[in-house]
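Chemist: Work the whole structure out from these sequences, hints included.
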Amino acid sequence: MPVEDVPVPKDPADSLAAVVALRLLADRLEDAAVEQAMRAGWSWPDVAEALGVTRQAVHKKHVKRLIAAGVALRRRQ
Amino acid sequence: MSAIDHYINAIIEQGAAEAQEDGSAAIEAHHLLLAIAAGEGTAAHRVLTAAGLGRQAIRDALDREFEHSLSAVGVSVASFDLPKPALALESPKLGASARLAIERGFAAATGKKDLRPAHLLLGVLDTEIGTVPRALALAGLDRVDLMARARETLAGNSW
Numbered sequence: 076m077p078v079e080d081v082p083v084p085k086d087p088a089d090s091l092a093a094v095v096a097l098r099l100l101a102d103r104l105e106d107a108a109v110e111q112a113m114r115a116g117w118s119w120p121d122v123a124e125a126l127g128v129t130r131q132a133v134h135k136k137h138v139k140r141l142i143a144a145g146v147a148l149r150r151r152q
Numbered sequence: 083m084s085a086i087d088h089y090i091n092a093i094i095e096q097g098a099a100e101a102q103e104d105g106s107a108a109i110e111a112h113h114l115l116l117a118i119a120a121g122e123g124t125a126a127h128r129v130l131t132a133a134g135l136g137r138q139a140i141r142d143a144l145d146r147e148f149e150h151s152l153s154a155v156g157v158s159v160a161s162f163d164l165p166k167p168a169l170a171l172e173s174p175k176l177g178a179s180a181r182l183a184i185e186r187g188f189a190a191a192t193g194k195k196d197l198r199p200a201h202l203l204l205g206v207l208d209t210e211i212g213t214v215p216r217a218l219a220l221a222g223l224d225r226v227d228l229m230a231r232a233r234e235t236l237a238g239n240s241w
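Chains A and B supply the protein sequences, listed in that same order.
So in the working numbering, spot 7 of the first sequence is number 82, and the numbers just go up one at a time.
So in the working numbering, spot 150 of the second sequence is number 232, and the numbers just go up one at a time.
Hints may contain errors.
What the hints assert, rightly or not - Listed below are the simulated DMTMM-like cross-link pairs for lysine to aspartate or glutamate, each with C-alpha atoms no more than 20 Å apart in a straight line: (1) A:Lys136 to B:Glu103; (2) A:Lys139 to B:Glu103; (3) B:Lys175 to A:Asp102; (4) B:Lys166 to A:Glu105; (5) B:Lys166 to A:Asp102.
Unchecked claim - Beyond 10 Å from chain A on every Cβ pair, some chain B residues (computed): (6) Ala120; (7) Gln138; (8) Ala189; (9) Gly222; (10) Arg225; (11) Gly238.
Rather than coming from a laboratory, the hints here were simulated on the basis of the structure.
For glycine and all other residues, C-beta sits at the position ideal for the given N, C-alpha and C.
Modeler: Rendered as structure tokens:
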């Protein structure tokens, strides 16, 4: 939606709580999206580039969880 | 270690398990509340259950708070078909809100010897800001009344 249509809560407590909830939602989305990409055969550098972070950062954050989830990972390039 | 040390360790350990279940890297105050609700045999636990706040009821209230907070900026969590978060493998660390809650719990007691589980519950409840008071308000619960009930048990010297 256009940015001017995004509602801004009147109470600062609601605005701040929305930030907290959006961060949590973004974290969950990232976990799911990285897992989806790796299952589809994406490489670490491609996932990192898509997220706009370094491949070291994305690898460090997700590799253990993905291995534990049984995802077959491509070797780091 | 004293009984209260064991209790605090157990609450932090259970809080870490609750945080892991959320896929959260940090133990927050609401994870401590879930842990207090999960640990039987304390006045703090009895205060929560008497108000209908079992562990699952608190989880439901927290889910509602999450959805409510997102809806305030036009985001519907129902529009995301998100899988259940994978368990975080790193052990979650104490987050800022949990540290504050523990500090407030210690401050509510007159000294380490006086410190009991209900003080910890008071520490979690003693704020108008953040996820815990918002979730309680949405569930129609009176936070101040819960605190009064916790203080009553402390006056009665119960554990």
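Chemist: Taking the hints in turn, state whether each one holds.
Modeler: For each hint, the structure was consulted:
Taking the CA atoms of Lys136 of chain A and Glu103 of chain B, the gap is about 17 Å. The hint holds against a cut of 20 Å. Distance check on the hinted pair: Lys139 of chain A and Glu103 of chain B sit about 16 Å apart at the alpha-carbon level, within 20 Å; holds. For the hint linking Lys175 of chain B to Asp102 of chain A, the alpha-carbon distance of about 17 Å falls within 20 Å, and the restraint holds. Distance check on the hinted pair: Lys166 of chain B and Glu105 of chain A sit about 13 Å apart at the alpha-carbon level, within 20 Å; holds.
Restraint check for Lys166 of chain B and Asp102 of chain A: the C-alpha separation of about 12 Å stays at or below 20 Å, so the hint holds. Against chain A, the non-interface label of Ala120 of chain B holds: every CB pair exceeds 10 Å, the least being about 21 Å. With a closest Cβ-Cβ approach of about 20 Å to chain A, Gln138 of chain B is found to remain outside the 10 Å limit, as its non-interface label requires. The non-interface label for Ala189 of chain B is consistent with chain A: the shortest C-beta to C-beta separation is roughly 23 Å, beyond 10 Å.
Against chain A, the non-interface label of Gly222 of chain B holds: every CB pair exceeds 10 Å, the least being about 18 Å. At the 10 Å boundary, the C-beta of Arg225 of chain B stays outside the reach of chain A, the nearest C-beta of that chain being 14 Å off. Listed as outside the interface, Gly238 of chain B is consistent with that label: its C-beta sits roughly 34 Å from the nearest C-beta of chain A, beyond the 10 Å cut-off.
The structure agrees with every numbered hint stated previously.
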